[in-house]
Amino acid sequence: MPRLPFDNDIKTLRFMAGEMTQGDLGDKVGVTRQTIAAIEQGKYSPSLEVAFRIARVFGKPLEEVFHWAETGA
Amino acid sequence: MSFREKMHWIAFVALLLAFGWYFLTYPWSIVHTPEGVGAVAGMLVPVTIFIIGLMTVLSAAIAIRSPKDANIKEDEREKNIHLKGTHMAYYPLVLGVWANLFAIFHHISAAGRLNLLIATVVIAELVRVGAQLYYYRRGY
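Same order as they appear, the protein sequences are chains A and B.
For any residue, its number in the working numbering is found by taking its place in the first sequence, counting from 1, and adding 52.
For any residue, its number in the working numbering is found by taking its place in the second sequence, counting from 1, and adding 226.
Don't read these hints as lab results, they were simulated from the structure.
Label-pair distances were calculated between CB atoms; the ranges are:
#, chain 1, residue 1, chain 2, residue 2, range
1, A, PHE67, B, GLU302, 22 to 28 Å
2, A, HIS119, B, VAL323, 45 to 51 Å
3, B, GLU261, A, GLY82, 52 to 58 Å
4, A, GLY94, B, THR282, 34 to 40 Å
5, B, TRP235, A, PHE58, 27 to 33 Å
6, B, GLU300, A, GLY70, 27 to 33 Å
Heads up, simulated SDA-like pairs for lysine to any residue below, C-alpha to C-alpha not over 20 Å straight-line:
#, chain 1, residue 1, chain 2, residue 2
7, B, LYS305, A, SER99
8, A, LYS95, B, LYS310
9, A, LYS95, B, MET227
Each residue gets a CB set at the ideal place from its N, CA and C atoms; glycine is no exception.
With the rest of the complex left out, here is chain A:
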């Protein structure tokens, strides 16, 4: 499976937000726990809407949650 050209800090941000679980974040964003896990692991590229929703949960701009990988495509 090709790796996504970006990574993310969702796991760290969850930890800093009172050790929020993947399920809690999924509930806030409107996706399943499995989808949050897939996004965190770089297996699934979320839609722009879900990406914005995740960033809004943490009160961060999008580029502080998702980072374009310099070595990526």
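Since the structure of chain A is already known, use the hints to place chain B on it.
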């Protein structure tokens, strides 16, 4: 494992068991006779009842054990997985339709064509559910 993935596993196993039994026990010696059509109809009844019954009982049992999971709406990743699976099932379905056209032009018996149609649908369903399970396991 999500509720929907569990449901996919149940559907996959139910299809394999029910149609595995159907194709292994169908009386192939009468496939070229009019009675062969009756045998198809007669055997499809228990197959349908088995699949619906197994899926109803197991999905209810899983939903009772974890009602929260059962009520979660399908999200975008799951919708994409379903679309991918359906897309992959299109190919065996088209091949099966062409095989049926070929069978009609070559005057294959009605029961033979019926079985070919059933096999087409079963293979397409196994590809659809199997592909979706693969993507669920892989993450996407």
